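Colleague: Sequence:
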Amino acid sequence: MSSSLPSDENEPVRDWSFPEFGLPTHANHTITKRLKVKNNVDEKQLQRQNELAYQEAVRKGFEAGMQQATQEMNKKMQTVSVALTELVEYKRRFLEQIKRDCLMFVPMICEKILLEQIALKPDIMLNIVSKAIDLIDNNVSQLKISGAKNIAPFFDQIDLKAKAKQIIIEIDESKENFCFAVESDKQILEFNLWDALNKLISESVSPLIGTQAE
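Position one of the sequence shown corresponds to residue 0 (numbering that gives the first Met the number 0), numbered consecutively onward.
One or more hints might be untrue.
[Stated by the list, open to error] Here are the simulated DSBU-like cross-link-like pairs (lysine-lysine), alpha carbons at most 30 angstroms apart as the crow flies:
| hint | residue 1 | residue 2 |
| --- | --- | --- |
| 1 | 148 | 120 |
| 2 | 111 | 59 |
| 3 | 143 | 198 |
| 4 | 130 | 174 |
| 5 | 120 | 130 |
| 6 | 111 | 198 |
| 7 | 43 | 59 |
| 8 | 74 | 59 |
| 9 | 148 | 111 |
| 10 | 74 | 90 |
No lab work stands behind these hints, which were simulated from the structure alone. Please read these numbers as outputs of a predicted model, since none were measured by experiment.
Whenever a hint applies, use it, and build me the whole structure from the sequences.
Modeller: So, in structure tokens, the structure goes:
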């Protein structure tokens, strides 16, 4: 025969089927479990923060590297640009020097040819002087022909008696090469064969040299 404990009708009913609940062991178990969960959350947050920090560091490092590479490339491009400019300038000066050399060399050749032709064919100078005399009023008793020292000696080889009754030929040290003058008592005409020669040279040198490259 079972006996029952007396109870107060007004006392609330308690569930004793799981007496461990509410005991200190249950409280410790619950606290430990919650602490472990919190630690796991902190670790995940820390790992995520580390990943974000790493990605940010990589991004900044990449940007800094690209900026440095761009600066170095710009410096190299400036160096190349300066080198190209200097090369173009050197080419221009080189072509100008060639042109100056040709302009100096061609007249020397022309002068040599001219002197040789005058020496071999005095009639060339005769024709030139005769044309000059035709331009002056030669209805006079006397004409004077003065020339530079490089051509005056050739005048002696020219027969100018038909041009005037008296012809005076003299060397004028003050005249430049290939210059001469025909003078009467009324007027004087001066001629510069060298200027005429240079004009012909300048007109013929350009096709020989060609157009300067840009």
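Colleague: Name the hints, by number, that the structure is in violation of.
Modeller: Of the numbered hints given earlier, the structure breaks just one, which is hint 2.
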